[in-house]
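Visitor: Work out the full structure, taking the sequences as your base and the hints as a guide.
Residue 156 in the UniProt record's numbering sits at position 156 of the sequence shown, and the numbers go up by one each step.
I should point out that these hints are in silico values taken from the structure, not numbers from a laboratory.
Backbone N, C-alpha and C define an ideal beta-carbon position, used for all residues, glycine too.
Nothing false has been slipped in among the hints.
Computed spacing ranges between beta-carbons, pair by pair:
1. His261 to His144: 40 to 46 angstroms
2. Ile106 to Ala218: 32 to 38 angstroms
3. Leu124 to Ala235: 40 to 46 angstroms
4. Gly200 to Arg255: 15 to 21 angstroms
5. Thr271 to Arg167: 32 to 38 angstroms
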Amino acid sequence: MSEGPGIHFPMRYGVILPGGPAGEQVAQAVLAEQAGWDAVFVWEAAYGVDAWSLLAAMAMATSRVRLGTMLTPLPWRRPWTVASQVATLDQLSAGRSILTVGLGAIETDLPDTGEVVDRRGRALRLDEGIDLIRALWSGSTSFHGDFYDFSCARSDLSEAVRPVQARIPIWVVARWPRPRSLRRALRCDGVVPEFDGEGGPDGVREMRAWLAQQGMPAGYAVIAEGETPSSDRAAAAGIVAPWVDAGATWWLESRWEMPHHTAERMTEIRTRIAAGPPGGAMTANH
Numbered sequence: 001m002s003e004g005p006g007i008h009f010p011m012r013y014g015v016i017l018p019g020g021p022a023g024e025q026v027a028q029a030v031l032a033e034q035a036g037w038d039a040v041f042v043w044e045a046a047y048g049v050d051a052w053s054l055l056a057a058m059a060m061a062t063s064r065v066r067l068g069t070m071l072t073p074l075p076w077r078r079p080w081t082v083a084s085q086v087a088t089l090d091q092l093s094a095g096r097s098i099l100t101v102g103l104g105a106i107e108t109d110l111p112d113t114g115e116v117v118d119r120r121g122r123a124l125r126l127d128e129g130i131d132l133i134r135a136l137w138s139g140s141t142s143f144h145g146d147f148y149d150f151s152c153a154r155s156d157l158s159e160a161v162r163p164v165q166a167r168i169p170i171w172v173v174a175r176w177p178r179p180r181s182l183r184r185a186l187r188c189d190g191v192v193p194e195f196d197g198e199g200g201p202d203g204v205r206e207m208r209a210w211l212a213q214q215g216m217p218a219g220y221a222v223i224a225e226g227e228t229p230s231s232d233r234a235a236a237a238g239i240v241a242p243w244v245d246a247g248a249t250w251w252l253e254s255r256w257e258m259p260h261h262t263a264e265r266m267t268e269i270r271t272r273i274a275a276g277p278p279g280g281a282m283t284a285n286h
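Guide: Rendered as structure tokens:
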């Protein structure tokens, strides 16, 4: 598959909630739907507001926005539990769930809990965890790998939790230009890029061209994230435009600075959400 120069892909817009009390985040998700955003994402901490309980509450309070994590550190989770949580969310949301996975950030995401920390060990568990989750969603009741063994004699349990979507999107963090990392991305439905050296729109353009040469499927999600102002819509659209030109298909508005939970921080994120997505959003349920 190849892509010619100048081809633009439809851009969708999501917002990553930086944190705060559970009720406040649910209210922010409702506001995001009203303001025209396409998706709402929450981050998954080792200890904190539980991402999947939070997303389930959002599913019941909204009807259109897609819902997911940004991101789930899969090597530090039990894949069958994650599969259950995402499938349950997919049912509650009538098919709006997205799962984003990655190796996990040791410096910020992992207390001293005895989890595997070497990069290769996490990468192998990430690959196998993705395979196990896909197997369970397809109705399989057993899986045997190098790290995970799963066997359940009760097929009715898997039938009860079958997802609404024929294929729940899995997005994965991948580093350009590392082939192993990018091959993992091609097994999934979207990529959250990281870069060795310079990144930005030029990095996305190069990475997307490589993925296309390797057979990237139609509808593949290429994610960009950053901050745009709430007070100047034209300036916000101008920040996103180079990413559109580079072939990104999702812009995720993010506010990662600490602390996440102050009243000032909550006011800031509500103001940005209420201003709506930069450049306009597709409001149909995708």
